[in-house]
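J.: These are the residues of each chain, in order.
Protein chains: 2
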Amino acid sequence: MENKFSFAKSLIKEVAHFIKEKMNDSLDIEVKSNYDDLVTNVDQEAQDFLIKRIKDHFPTDNILAEENNVRHPIDKGAVWVLDPIDGTVNFIVQGNNFAIMIAYYEDGCGQFGLIYDVMNDLLLSGGGSFDVYLNHKKLGNYTKKELNRCLIACNAGMFANNEYGIANLVSQTLGIRVYGGAGISMMKVFSQEILAYFSYIQPWDYAAAFIIGKKLGYTILTMDGKEPDFTSRQKVMLVPKEELATLKQILDIKEM
Amino acid sequence: MENKFSFAKSLIKEVAHFIKEKMNDSLDIEVKSNYDDLVTNVDQEAQDFLIKRIKDHFPTDNILAEENNVRHPIDKGAVWVLDPIDGTVNFIVQGNNFAIMIAYYEDGCGQFGLIYDVMNDLLLSGGGSFDVYLNHKKLGNYTKKELNRCLIACNAGMFANNEYGIANLVSQTLGIRVYGGAGISMMKVFSQEILAYFSYIQPWDYAAAFIIGKKLGYTILTMDGKEPDFTSRQKVMLVPKEELATLKQILDIKEM
Numbered sequence: 001m002e003n004k005f006s007f008a009k010s011l012i013k014e015v016a017h018f019i020k021e022k023m024n025d026s027l028d029i030e031v032k033s034n035y036d037d038l039v040t041n042v043d044q045e046a047q048d049f050l051i052k053r054i055k056d057h058f059p060t061d062n063i064l065a066e067e068n069n070v071r072h073p074i075d076k077g078a079v080w081v082l083d084p085i086d087g088t089v090n091f092i093v094q095g096n097n098f099a100i101m102i103a104y105y106e107d108g109c110g111q112f113g114l115i116y117d118v119m120n121d122l123l124l125s126g127g128g129s130f131d132v133y134l135n136h137k138k139l140g141n142y143t144k145k146e147l148n149r150c151l152i153a154c155n156a157g158m159f160a161n162n163e164y165g166i167a168n169l170v171s172q173t174l175g176i177r178v179y180g181g182a183g184i185s186m187m188k189v190f191s192q193e194i195l196a197y198f199s200y201i202q203p204w205d206y207a208a209a210f211i212i213g214k215k216l217g218y219t220i221l222t223m224d225g226k227e228p229d230f231t232s233r234q235k236v237m238l239v240p241k242e243e244l245a246t247l248k249q250i251l252d253i254k255e256m
Numbered sequence: 001m002e003n004k005f006s007f008a009k010s011l012i013k014e015v016a017h018f019i020k021e022k023m024n025d026s027l028d029i030e031v032k033s034n035y036d037d038l039v040t041n042v043d044q045e046a047q048d049f050l051i052k053r054i055k056d057h058f059p060t061d062n063i064l065a066e067e068n069n070v071r072h073p074i075d076k077g078a079v080w081v082l083d084p085i086d087g088t089v090n091f092i093v094q095g096n097n098f099a100i101m102i103a104y105y106e107d108g109c110g111q112f113g114l115i116y117d118v119m120n121d122l123l124l125s126g127g128g129s130f131d132v133y134l135n136h137k138k139l140g141n142y143t144k145k146e147l148n149r150c151l152i153a154c155n156a157g158m159f160a161n162n163e164y165g166i167a168n169l170v171s172q173t174l175g176i177r178v179y180g181g182a183g184i185s186m187m188k189v190f191s192q193e194i195l196a197y198f199s200y201i202q203p204w205d206y207a208a209a210f211i212i213g214k215k216l217g218y219t220i221l222t223m224d225g226k227e228p229d230f231t232s233r234q235k236v237m238l239v240p241k242e243e244l245a246t247l248k249q250i251l252d253i254k255e256m
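Chains as they are written, first to last, in UniProt numbering: chain D, 1 to 256; chain S, 1 to 256.
Isolated chain D (complex conformation) (with noise of 0.2 angstroms):
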């Protein structure tokens, strides 16, 4: 699993160096679902690059990623989930703030998961048997802090219509903070930056951070209080298992 793990941080940073190349050139850019879900050329070209490198390491080692339908399931056999850009808004728009996940699993037990911020050049890495750095600095478990001392992310819509309570937790905090992206989103709870994060994602946006969440004390569970599914888009929240409780008193959450 080393082996592996090596391999996913020097790939991560090889796929960083070619996306940084393909932002001098002009996008390619398509609607994907709706006006606001978009896919660049480069989130296309930088799946296949990742595909590609780790086809021709692992032959048998199977994927389940955004672009063109590539969805072996989670439980079945050694597994990557990959996220080749995630926050593809903020890439178009902003050039910054997007990131790219891997997260590898074995028959459905994660063993390691890695989101890297691109341009701020800051690696996440490690669950399972490994120890959490963020880039060189190791990072401890959920240290246990006041509501109203904390910031919560949030995907923008949730809070705006108050759903499973959301805006009444905020309330309760120092305010929410929208980022545009999972990836660096997950990556500033894990720093202990953010108390909490909810959105509406997809496997390959909480892959990753599911695995480094449970080696730091956080848990990643659907809006009803159940595990992810890492088949659909569900309303999901990643906080610290022992702000659960406190939590659940003030959420609108019908089973946790």
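Simulated from the structure, these hints should not be mistaken for laboratory data. A quick note: this is a predicted structure, and the numbers were derived from the prediction, not measured. Take every hint as true, because none was put in to throw you off.
Treat identical chains as interchangeable: a pair holds within one or across any two.
Pairs of lysine-lysine residues, derived as DSSO-like cross-links and limited to a Cα-Cα distance of at most 30 angstroms, are as follows: (1) Lys52 / Lys32; (2) Lys52 / Lys20; (3) Lys144 / Lys32; (4) Lys241 / Lys76; (5) Lys20 / Lys144; (6) Lys144 / Lys22; (7) Lys32 / Lys55; (8) Lys20 / Lys137; (9) Lys145 / Lys32; (10) Lys20 / Lys145; (11) Lys52 / Lys13; (12) Lys20 / Lys138; (13) Lys76 / Lys4; (14) Lys137 / Lys13; (15) Lys226 / Lys32; (16) Lys22 / Lys145; (17) Lys248 / Lys226.
Guided by the hints, dock chain S onto chain D, whose structure is given.
T.: Chain S only, in chain D's frame:
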């Protein structure tokens, strides 16, 4: 004026160093107007540091600053406008994503402004007779974009309550970002990562951006389309002048 501008650029780095040193100690946090309006001993000490250095060099100059009610009128003589830590909540909770802001006015006429994102070492400076630089990169004027390829930065409450139709505007763009500080948000407007910024802010929050924006084709107006008063907290927008007419069609603004 070259002399004062150089002085200001050195000074803002000096006070940043002072603030970073202080971040190793524990903070004294006080609540100001309400539970999420916080100030720390470092805000106050950094402001004292700035005022002392300015008074040492320019004894007859005046100060308009955030803390301790230092409120020289903007239109009377030589006035330094100071925000020692903009984004105090981010400073306290995240130890990141806060800015120092300095602006210099003569008889109400903006001479130069500086916004320094301390932890990310990004210095935006210029305006008046000076070109605007982000570190060593000269920034160009606003370049025309389509709304549906833009992002909006906004105070979360103004968005959630659709004040002045801001949520209607956001729905015609690629979405909203909430960063938790006027300084870092307005810096992203000038680097063209964000189209426009809406918030409920004080003179020291917009004094630097007012000068820098004028140089780059932007304007800061109150939400009823007037010049901000430089005395009270007001709901304002930082927008490209070229987009005012378009925004006027979407936003609910009486006079503009």
